[in-house]
Amino acid sequence: ETGVTQTPRHLVMGMTNKKSLKCEQHLGHNAMYWYKQSAKKPLELMFVYSLEERVENNSVPSRFSPECPNSSHLFLHLHTLQPEDSALYLCASSPLGLAGLYEQYFGPGTRLTVT
Amino acid sequence: KQEVTQIPAALSVPEGENLVLNCSFTDSAIYNLQWFRQDPGKGLTSLLLIQSSQREQTSGRLNASLDKSSGRSTLYIAASQPGDSATYLCAVPQERDAGNMLTFGGGTRLMVKP
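These protein sequence lines are chains A and B, in that order.
Heads up: the first sequence begins at 794 in our numbering, then just goes up one per residue.
Heads up: the second sequence begins at 379 in our numbering, then just goes up one per residue.
Pulled out of the complex, with its shape left as it was, chain A reads as follows:
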């Protein structure tokens, strides 16, 4: 596979469940990102990992827990979510280097519904 892949593509979970979203990039990049896209709100940056170290968490609730075990994989662990967390969760990656030179490449997203 090429590019940025995300699994699962769709997920329905109850508020007491624990689940994980997975992102994998095959582009040789060393920065990875989680974004949340809710209905009627702009895309919001949640987490940034640079060389597997978290750079930014943007005041995200602790019920979202990211993990970046290596430069190719990124996870978002979910527990005790709320219905308002239902959204499209997008993963992206980019090369590192002089900031601003490189594009971010996005995966297809995971459509999450919390019931």
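Any given hint might turn out to be false.
Unchecked claim - Once the Cα atoms are required to be at most 20 Å apart in a straight line, the calculated PhoX-like pairs of lysine-lysine come out as: (1) A:K833 to B:K420; (2) A:K833 to A:K815; (3) A:K829 to A:K811; (4) A:K812 to A:K834; (5) A:K829 to B:K420; (6) B:K420 to A:K815; (7) A:K834 to B:K491; (8) B:K379 to A:K829; (9) B:K446 to B:K379; (10) B:K379 to A:K834.
What the hints assert, rightly or not - Here are a few chain A residues that face chain B, going by a calculated C-beta distance under 8 Å: (11) A824; (12) P835; (13) L836; (14) L838; (15) V841; (16) E845; (17) F857; (18) L883; (19) S887; (20) Y895; (21) Q897; (22) F899; (23) G900; (24) P901; (25) G902; (26) R904.
The hints are simulated quantities; they were obtained by calculation from the structure and are not laboratory data.
Each residue gets a CB set at the ideal place from its N, CA and C atoms; glycine is no exception.
Mind docking chain B on chain A? Use the hints.
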């Protein structure tokens, strides 16, 4: 805090028209500006990236301009086609930040009618 606004929020045009999408940002201290396309329920596809030192970028029927000092960018689509129907997003990173953290506008939803 950077804020990005896109106007119009939605646009419907007949096939063949030339059109302009607008993006404005409040903090001009940016490294670059990116335009993306998003099809319904899908991820984002990067269309054009304009560096802060550039005035415009072209790719096929797309032309993006950047006026950093006034905090504005436009995406020009020539000879629109039904396949251009999608949501178009602009995004800027903050100059002071590491990791190319993007702030997105709300998008323009474009419908091109055959």
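Hints, verified against the model:
1. A distance of roughly 16 Å separates the Cα atoms of K833 of chain A and K420 of chain B; the hinted pair therefore holds under the 20 Å criterion.
2. A hinted pair counts as satisfied when its Cα atoms are at most 20 Å apart, and K833 of chain A with K815 of chain A does not qualify at roughly 25 Å.
3. Distance restraint check for K829 of chain A and K811 of chain A: the Cα-Cα separation of roughly 18 Å lies within the 20 Å cut-off, and the hinted pair is therefore satisfied.
4. In summary, the hint linking K812 of chain A to K834 of chain A is not supported, as the alpha carbons are separated by about 24 Å, beyond the 20 Å threshold.
5. For the hint pairing K829 of chain A with K420 of chain B, the CA-to-CA distance comes to about 13 Å; that is within 20 Å, so the pair holds.
6. For the proposed pair K420 of chain B and K815 of chain A, the alpha carbon gap of about 16 Å is at most 20 Å, so the pair holds.
7. Taken as a hint, the K834 of chain A and K491 of chain B pair is broken in the structure, with Cα atoms around 26 Å apart against an allowance of 20 Å.
8. Annotation: proposed proximity of K379 of chain B to K829 of chain A holds, straight-line Cα distance about 18 Å (limit 20 Å).
9. Simply put, K446 of chain B and K379 of chain B have alpha-carbon atoms about 17 Å apart, close enough for the 20 Å limit, and the pair holds.
10. Between K379 of chain B and K834 of chain A the alpha-carbon distance is near 17 Å, which keeps this suggested pair within the 20 Å criterion.
11. Residue-level restraint check for A824 of chain A holds (minimum Cβ-Cβ distance to chain B is 6 Å; threshold 8 Å).
12. Contact between P835 of chain A and chain B, as hinted, is supported at the beta carbon level, the nearest pair being about 5 Å apart and thus within 8 Å.
13. Taking 8 Å as the C-beta cut-off, the interface hint given for L836 of chain A holds, the closest approach to chain B being about 4 Å.
14. At a threshold of 8 Å, the smallest CB-CB gap from L838 of chain A to chain B is about 5 Å, leaving the interface hint in force.
15. Below 8 Å, beta-carbon pairs count as interface contacts, and V841 of chain A has one with chain B at about 4 Å; its hint therefore holds.
16. A cut of 8 Å between beta carbons decides the hint on E845 of chain A: the least distance to chain B is about 12 Å, and the hint is violated.
17. A distance limit of 8 Å between C-beta atoms decides the matter here; for F857 of chain A the minimum to chain B is near 17 Å, and the interface restraint is violated.
18. Here the hint on L883 of chain A is kept, as its CB sits about 6 Å from the closest CB of chain B, short of 8 Å.
19. Here the hint on S887 of chain A is kept, as its CB sits about 6 Å from the closest CB of chain B, short of 8 Å.
20. Below 8 Å, beta-carbon pairs count as interface contacts, and Y895 of chain A has one with chain B at about 7 Å; its hint therefore holds.
21. For Q897 of chain A, the interface hint holds, since its Cβ comes within 8 Å of a Cβ in chain B; the closest pair sits about 7 Å apart.
22. Taking 8 Å as the C-beta contact cut-off toward chain B, the hint placing F899 of chain A at the interface holds, the least distance being around 4 Å.
23. Because the beta carbon of G900 of chain A sits about 5 Å from the nearest beta carbon in chain B, less than 8 Å, this interface hint is met.
24. Among the interface hints, the one on P901 of chain A holds; its C-beta lies about 4 Å from the nearest C-beta in chain B, closer than the 8 Å criterion.
25. Residue-level restraint check for G902 of chain A holds (minimum Cβ-Cβ distance to chain B is 5 Å; threshold 8 Å).
26. Given the 8 Å rule on beta carbons, the hint for R904 of chain A holds: about 7 Å separates it from the nearest Cβ of chain B.
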